[in-house]
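Number of protein chains: 2
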Amino acid sequence: MKATCTQENLKRGLNIVSHISSKNTSLQILGNVLIKADKNVVSLITTNLEMGVRCQVRAKVYKEGSYTVNSRLLNDFVGLLKNEKVDLELKDDALEVWTDNQETKIKGESAEEFPLIPQISKKSAYVCGIDELVRALTQVLFAVSVSETRPEISGVYFNFSDGNLTIAATDSYRLAEKKIKLNEKNEVEKEAIIPAKTVQELFRMLSSVSGSASEEGGASKLEIYFEENQVMFVFDDIELVSRVIEGQYPNYKQIIPASHKTRAVANISDLVSAVKAASLFSRTGIYDINFELKEGKLVISSTNSQLGESKSRVAGKIEGDDNKVVINYRYLLDGLQNIDSTDVVFEMIDSSNPCILRPAESLNDKNEAIAAQDYLYIIMPIKQ
Amino acid sequence: MKATCTQENLKRGLNIVSHISSKNTSLQILGNVLIKADKNVVSLITTNLEMGVRCQVRAKVYKEGSYTVNSRLLNDFVGLLKNEKVDLELKDDALEVWTDNQETKIKGESAEEFPLIPQISKKSAYVCGIDELVRALTQVLFAVSVSETRPEISGVYFNFSDGNLTIAATDSYRLAEKKIKLNEKNEVEKEAIIPAKTVQELFRMLSSVSGSASEEGGASKLEIYFEENQVMFVFDDIELVSRVIEGQYPNYKQIIPASHKTRAVANISDLVSAVKAASLFSRTGIYDINFELKEGKLVISSTNSQLGESKSRVAGKIEGDDNKVVINYRYLLDGLQNIDSTDVVFEMIDSSNPCILRPAESLNDKNEAIAAQDYLYIIMPIKQ
Numbered sequence: 001m002k003a004t005c006t007q008e009n010l011k012r013g014l015n016i017v018s019h020i021s022s023k024n025t026s027l028q029i030l031g032n033v034l035i036k037a038d039k040n041v042v043s044l045i046t047t048n049l050e051m052g053v054r055c056q057v058r059a060k061v062y063k064e065g066s067y068t069v070n071s072r073l074l075n076d077f078v079g080l081l082k083n084e085k086v087d088l089e090l091k092d093d094a095l096e097v098w099t100d101n102q103e104t105k106i107k108g109e110s111a112e113e114f115p116l117i118p119q120i121s122k123k124s125a126y127v128c129g130i131d132e133l134v135r136a137l138t139q140v141l142f143a144v145s146v147s148e149t150r151p152e153i154s155g156v157y158f159n160f161s162d163g164n165l166t167i168a169a170t171d172s173y174r175l176a177e178k179k180i181k182l183n184e185k186n187e188v189e190k191e192a193i194i195p196a197k198t199v200q201e202l203f204r205m206l207s208s209v210s211g212s213a214s215e216e217g218g219a220s221k222l223e224i225y226f227e228e229n230q231v232m233f234v235f236d237d238i239e240l241v242s243r244v245i246e247g248q249y250p251n252y253k254q255i256i257p258a259s260h261k262t263r264a265v266a267n268i269s270d271l272v273s274a275v276k277a278a279s280l281f282s283r284t285g286i287y288d289i290n291f292e293l294k295e296g297k298l299v300i301s302s303t304n305s306q307l308g309e310s311k312s313r314v315a316g317k318i319e320g321d322d323n324k325v326v327i328n329y330r331y332l333l334d335g336l337q338n339i340d341s342t343d344v345v346f347e348m349i350d351s352s353n354p355c356i357l358r359p360a361e362s363l364n365d366k367n368e369a370i371a372a373q374d375y376l377y378i379i380m381p382i383k384q
Numbered sequence: 001m002k003a004t005c006t007q008e009n010l011k012r013g014l015n016i017v018s019h020i021s022s023k024n025t026s027l028q029i030l031g032n033v034l035i036k037a038d039k040n041v042v043s044l045i046t047t048n049l050e051m052g053v054r055c056q057v058r059a060k061v062y063k064e065g066s067y068t069v070n071s072r073l074l075n076d077f078v079g080l081l082k083n084e085k086v087d088l089e090l091k092d093d094a095l096e097v098w099t100d101n102q103e104t105k106i107k108g109e110s111a112e113e114f115p116l117i118p119q120i121s122k123k124s125a126y127v128c129g130i131d132e133l134v135r136a137l138t139q140v141l142f143a144v145s146v147s148e149t150r151p152e153i154s155g156v157y158f159n160f161s162d163g164n165l166t167i168a169a170t171d172s173y174r175l176a177e178k179k180i181k182l183n184e185k186n187e188v189e190k191e192a193i194i195p196a197k198t199v200q201e202l203f204r205m206l207s208s209v210s211g212s213a214s215e216e217g218g219a220s221k222l223e224i225y226f227e228e229n230q231v232m233f234v235f236d237d238i239e240l241v242s243r244v245i246e247g248q249y250p251n252y253k254q255i256i257p258a259s260h261k262t263r264a265v266a267n268i269s270d271l272v273s274a275v276k277a278a279s280l281f282s283r284t285g286i287y288d289i290n291f292e293l294k295e296g297k298l299v300i301s302s303t304n305s306q307l308g309e310s311k312s313r314v315a316g317k318i319e320g321d322d323n324k325v326v327i328n329y330r331y332l333l334d335g336l337q338n339i340d341s342t343d344v345v346f347e348m349i350d351s352s353n354p355c356i357l358r359p360a361e362s363l364n365d366k367n368e369a370i371a372a373q374d375y376l377y378i379i380m381p382i383k384q
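Residue numbers (my numbering), protein chains in the order written: chain Y, 1 to 384; chain L, 1 to 384.
Some hints could be false.
Remember, identical chains collapse to one label, so a pair may be satisfied in a single copy or spanning two.
To be verified - Quick list of in silico lysine-lysine cross-link-like pairs, DSSO-like style, CA-CA up to 30 Å:
hint, residue 1, residue 2
1, Lys82, Lys297
2, Lys107, Lys297
3, Lys11, Lys85
No lab work stands behind these hints: they were computed from the structure.
Values in this document were obtained by computation on a predicted structure and should not be read as measured data.
Could you put together the complete structure from these sequences and hints?
If you want it as structure tokens, here you go:
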């Protein structure tokens, strides 16, 4: 193997792929990046057995071949070079890396030892905007279950239908759902549960290119392909392949209350301060705060027998009955901080039914806030 | 106790003092802030027994008195309030905190339980500029010993003489020294070893006001007072009191080589990249890299039997003999990254004598870099 590329391209590729190389000491090769020189391209490949990523780097290839070296070491090392030409050559069981001012040998392992990553054919893509998906994932991903005891909620639910992608995540105490439009028609409906770690990795990769597409000529669209129990996300010259989680995602639509008895509209930033203030006096391990709706205000309070007590009022427009509920403040804060608007619309039936939060989007002709329908956050109350 | 102040003033004061309140569970009151209302001022006081800090907050005092509550809780809580009037009142063994939109009770402990902080008279101040001292501490503090086995080097050396303040720190493997001018005359020479934690706390406090003095009308000068085995730093309405370390600081002047055989001038940022590249191949636990000076270049290299090897060249002006030394890369990086200039002047005798780094400040009439004399960094070589 012998190839030349620019430090900039190599660095970008290594940044993308090296993140998932594990420090798995029992299978050391999983810490390596597979470098594969074919014709006019060098491919960088890493895997942690759950998912794998391939990234192509433009290069002049003098001799085809492949080799693996520690991915983080190579990434750190290349990041320290100037933006200049980098020569890569496999010689005597080491990767030699040459530039004008330095020469380096990195010992590695044969490419034959490296696990294969499934090939998925690029048929029947679901296509969405990268910026839209990054924003959507920000609003949903935090709600995913961190426990693996119920595998079907340890992933993010993706549903493709009617020209929309709906993503949802829950840990059974709260749920977030966001709908975005697909960019291209695809008549085939599809649902899948993607492991949280895969979605986090996808989010990390997309965030690094999001917002910069137009300036730097990078991708603005993401293609998603499914094949058997695998999913592949493709943008630029990057492919992320992962297993999907088998099982049935909970039918969460049925727990969304169809009606409400009280509706409140309030400023999110005021509410966040009040909830944080009450949180300081919530009981550790329960994290409960009281949330009351009455006559033009939301009253947030909590009491801790050791520390003291706090009660704050936030001005808001309240319609319907006086009402109250006990909520885990962390779930409430997560929701408030990820609703992408100035005001929140909060709806509830009573202290034992789920509360619904939506962004307050626009005003109707009576000057009342209308809730946006593309985002939904549900919190289960703490029963007293 | 009953007083009113602005949230802004109270928040600033709590930010200053709450940092040193410890989470010492065996003496719970050390986690508290002592709030003391006298005439037209509220004092906030914390201590961890090693040092104590007092901060005065402008206030309208209706009833004098004092009380203590958990410092971090109060700090977090006040930080969440809007900038408005805050009423503080001691009632039934709790501090009540009222604003327009909230009421809070914080349970605390009697002020009588709170440890006393020494009073030091404001006589014979040493006065220096806050911005200058902050910069100087940045350049020196990192070199202090983290071990307590030799108490005299577990602190920062302060020497006041000839109208200058010289500060130095060492862990016996490397040493940093910086000299700044005092703002006011004080004929009395003085030297003292101030505990590293006190200096770190001072640095944290000064950093928060440094650079903003002119805009916000804050202090630009720091006063330093000594009394018996105590030191007090005073700026704005803030007093930081600490013990000093007893003992004799090592006479480090005698290890500074008076001459050199090789002198190199090179760009610091290029050198930092080269040292970091070599560091990836240094031996763990030894961190050694080879540093060679010859004909117009500095060659930095290292070899690791498992990972491989790397050799980088940095262009530089070399005067004198070809030379080489083995150095701990972390000490070298610390020095290079804290020399506040574009180029470094590096001087050495041979592989067993200390190396000296200084900022390259200006050029003489032969276009040669002159080293600044107000900063010095010495590294002991690794003996082979």
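- prompt: What hint numbers does the structure not satisfy?
  reply: none
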